[in-house]
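S.K.: Sequence:
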Amino acid sequence: MKLYNTLTRRKDELKPLNDKQVTMYTCGLTVYSQPHIGNWVAYIYWDVLVRALKAEGYTVNRVQNITDVGHLTSDEDAGEDKMLRGALAEGTTAWEVADKYSKVADDEAYNKLGLLRPDHMPRATDYIPQQIVFVQELEKKGYTYQINDGVYFDTSKINNYGKLAKLDIDGLQFGARVEDTGKKNPTDFAVWKFSNPEEKRDMEWDSPFGDDGQKGFPGWHLECSVMARELLGDQIDIHTGGIDHIPVHHTNEIAQTESITGTQFAQLWVHNNHIKVDGTKMSKSLGNIYTLSDITEKGFDVQAFKLLILSKHYRTEGNFTWDILGAAQNALNHWKATADLIWQLPEQRSASNLADSIQASLIDDLDTPGAITTINAYINTFGESKHSPAKGDLKSIEQLLGIQLVGEDISGAQKQLISEREQARIAKDWQKSDEIRQLLTQQGIEVKDTSNGPIWSRL
RNA sequence: GGCGCCGUGGCCGAGUGGUUAGGCAGCGGUCUGCAAAGCCGCGUACACCGGUUCAAAUCCGGUCGGUGCCUCCA
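The numbering used here puts the first residue of the first sequence at 1, with every later residue one more than the last.
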C-alpha cells in the first residue's frame, strides 16, 4: 500500500510498525452543529482506505475521536468555543449539544452512509485526566510556559517545528494577522486554557495549572495527541485528516507528542483535499452548506454521493453541484441495473479478476478514480450479455468501495405481471401490455424489452 | 499582505515526455408495436507565450485566470 505522505511529499510504502497490524488515527468531528457533506467527504475516503487495508490482509486498529470540548473558532487559540457557541444557538448546554450531534453524526455516517465503524471513538471529555497528565509531562520537560489565559507550548524549544507544513517560521511575525496575546512565539499554542472568570462555561475542570481553584479546559490539539497515545501508543502508522489541519492542528500534534515520546509520532500523514460547492468554498456566510438530508430530500441516493466523491482522487479539490450529483446518480443507476441482472439471467461463470484490479488501484495511493474506471469497464461488458455479473464480483465492489449495488428480488406478484405482459405482447395486445407496464412503473419497476427478453430494473 | 494549490473536450474527471482514459450529457444510425435499454459511429481536449527535446498537454521560465489557508466554515 502506497500513500502520499505529507511529511515527505511523496508516495511512501506503508510499513506497519507491528507486522500486519495497522494503527490509524483520524481527527473526527467537532460535534457542535449539524455535519455537512464536506465532513463526510473525508470520512468516505478513509473508509475506503480501511477497506483496502483489510483487503490487503491487514488488521486495522483505528481511532477516530469526537471533539466535544476545546475547539475554538480560531486556530490561534482565540475566539469562542465552538461547543459553547452551539449551545448558545440551541438554547441548551454544551453537553447536550455534544450529545445531540454525536448521535446525528453517528447515524449519518454508519447507518445512512454505511461507513465502517472505527474501533475506537473516544470523546475528548472522557480523557481529561490523561490530558492533564500529558500537560504535566510537557511542563516537566520544560516545553511549556504559563500566561494569563493558559498554559502554552513553546515552539521555539524544538528544532523541527513545522516540518509537516514546511512552515517558514522565521517569516512568521506578530503583526497584521497574527495577534500578540502574550505568547512568546507566534506559533506557540495552548495546551490548557483557563476559563474566563467573566463567563460561565458548561465544560471546565480543575487542574494543577493556574491559580488555586481556577478552572480550565484542554487545548484542541492536545486532545488528539492524548487520545492517539492512550489508545494506539507512542507511535502510529497512519494519521489522516483534512488539508486544513496541516499548518496548525497536525503540526501541533506532532510537536506535543514527539516532545513527550522522543520518537516519530505517525509514519504516514495522509490528507484529503476539500470539496467546493458551485466552484466556491462551502461557508456559513455564503449559505451554501449542504447536508446529507439535503441530498436525500432532493431524491438522490447517498450512494450516488459516495460515487461522486470517489470519482475524484482524495488529494484533488472537488466540486459539488446538483448537476454533478445527477450525473453520479445516473452512473449509479446503471451499475445497479446491471447488478439486478443477478435475479434475471444466469450468473457469469468465468472467473474475473475484478477484485484484484480494483485493489491494485486502491493500493496505489487510494486511486479510487482508477477503481471506478475498472468497474465501469466491467459493468459495460454486460450490455448485451446473456449472463448476469458474478455475485462475488458485485460483492467485491460493495466491500472495497462501500457502495451498495445489489437489491432485493422483485416480488412473485411483480414477476407474474411481467409474465402476463409478455403474453399480451406475444398476442399483440399492446393496450394490455402498456397498462401492465404502467402498473409496474407505479411500483417503481421499469421493464425493458431486450434481446434477452423482458428485463426489469428499479426506477 | 504572508504562505499555498490549480487551469484537460458541453459537464465531471484520470493520466502522462512519443500509444483511444473513463463517466455523465448530446448527435446520427440500428433494433423495436411503443418506450427504454443495448449495439455501431461521431467531438480529435489539455489557459496563453517562450524555452529544453528528435518528440511536451506531460519538464523549465514567464503571463493571465481561478481558488484555498491565515477570520465564520472540513
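Derived by calculation from the structure, the hints in this document are not laboratory data.
Treat the hints with care, since some could be wrong.
Keeping only pairs whose Cα atoms sit at most 30 Å apart, straight-line, the calculated DSSO-like set for lysine-lysine is [what the hints assert, rightly or not]:
| hint | residue 1 | residue 2 |
| --- | --- | --- |
| 1 | K336 | K395 |
| 2 | K184 | K166 |
| 3 | K54 | K141 |
| 4 | K166 | K15 |
| 5 | K391 | K312 |
| 6 | K336 | K100 |
| 7 | K312 | K298 |
| 8 | K312 | K415 |
S.K.: Hint by hint, say whether it matches the structure.
M.R.: How the hints compare with the structure:
Restraint check: the Cα-Cα separation between K336 and K395 comes to about 12 Å, which is no more than 30 Å; the hinted pair holds. This hinted pair checks out: K184 and K166 have alpha carbons roughly 21 Å apart, not beyond 30 Å. Using a Cα cut-off of 30 Å, the hinted pair K54 and K141 is violated, with the two alpha carbons roughly 39 Å apart. The hinted pair formed by K166 and K15 meets the criterion: a straight-line CA distance of about 24 Å does not exceed 30 Å.
A C-alpha spacing of about 26 Å is found between K391 and K312, which places the hinted pair at or below 30 Å, so the restraint holds. With a CA separation close to 34 Å, the supplied pair K336 and K100 exceeds the 30 Å bound. At most 30 Å may separate the alpha-carbon atoms for a hinted pair to count; K312 and K298 meet this at roughly 23 Å. Between K312 and K415, the direct Cα distance comes to roughly 39 Å. Violation of the 30 Å bound is thereby established for this hinted pair.
In the structure shown, a violation is registered for the earlier hints numbered 3, 6 and 8, in ascending order.
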